[in-house]
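Here's the letter readout for the chains.
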Amino acid sequence: MGSGTHLGKVRGLGSARHGAHHWLIQRVTAIGNILLFTWFLLSLTQLGSFDYDTVTAWLSSPVSAVLMMLLCISAFWHLRLGLQVLIEDYIHDHGTKFGVIILLNIYAIGCGTFAVFSVAKIAFTGAAS
Amino acid sequence: MMGQQKARPLSPHLGIWRWGAAMTVSILHRITGDGMAIVGGLLLTWWLFSLANGPEYYAMFQSHMSAWYGYVVLVGLSWAFFQHFVSGLRHFVLDVGAGYEVEANNRWSAVLPFLSIALTAAFWAVIVYV
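Here the protein sequences come in this chain order: A and B.
Heads up, the first sequence is in the numbering used here, so the first residue is -19 and it goes up one at a time.
Heads up, the second sequence is in the numbering used here, so the first residue is 4 and it goes up one at a time.
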């Protein structure tokens, strides 16, 4: 990789062959989190009550349901990237690191999917039960 | 050669740096981010799962969240969010190559922990009183 331009190295092909992708997606999801969590926290201050009927009625509206799904995706993606950096910084044994990264993927993708499915269930059936 | 353990010059190490505001904000960014990643991720999932599971299950979730330890977790998470939020905005400024002047960097770093506490207090004031 000695002959590439600086930009070329950063774009695609550093020593790890992933370039700046991890760094860039962390920023992209950070911007997503800023927008979505601002909406989320403002919504929480506007709800008035946190009882079951109020919260499910709010989450059943298409806009709220979609934004909450996007929030789950953006947040779990971002936290997966952040925890990966933590693991890479503090766990140096290759085998242990590999195992913990697998656990991280199970946690982030598992909980993220679980959360998105829950929002779907609330939106499609929640308000009625 | 083996026996000679002379004191050799060391590169600057964590132990000899004077602790500063930028270092505080940096480690707070990591602690709050990774704390939220685990506690916040689980709590968000549990909250949505409870809502999807019906009123009785959600009542159980609410009883935990309205207990003293629930408030400790929620207030802690909201503080972690605002601290990570403001230090994340700092990182965006640093990402574009600005804010590295020692004076400005230290000043902004020192302000951020107070800003996050103020934002947390404001958020809970609105939740409780408005």
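Hints listed in this document are in silico derivations from the structure and should not be mistaken for laboratory results.
These numbers were taken from a predicted model, which means no experiment stands behind them.
Do not take every clue at face value.
Residues on chain A that point at chain B, a partial pick, calculated with CB under 10 Å [what the hints assert, rightly or not]:
no., residue
1, Ile5
2, Arg7
3, Phe30
4, Asp31
5, Phe56
6, Thr105
Quick look at which bits of chain A chain B covers, simulated, 3 or more residues with Cβ under 8 Å [stated by the list, open to error]:
no., region
7, 20 to 26
8, 34 to 43
9, 72 to 82
10, 94 to 101
We treat Cβ as the ideally placed atom computed from N, Cα and C, and that holds for glycine.
Status of each hint after checking the structure:
no.	hint	verdict
1	Ile5	violated (14 Å)
2	Arg7	holds (7 Å)
3	Phe30	holds (7 Å)
4	Asp31	holds (8 Å)
5	Phe56	holds (6 Å)
6	Thr105	holds (8 Å)
7	20 to 26	holds (count 3)
8	34 to 43	holds (count 3)
9	72 to 82	violated (count 0)
10	94 to 101	holds (count 6)
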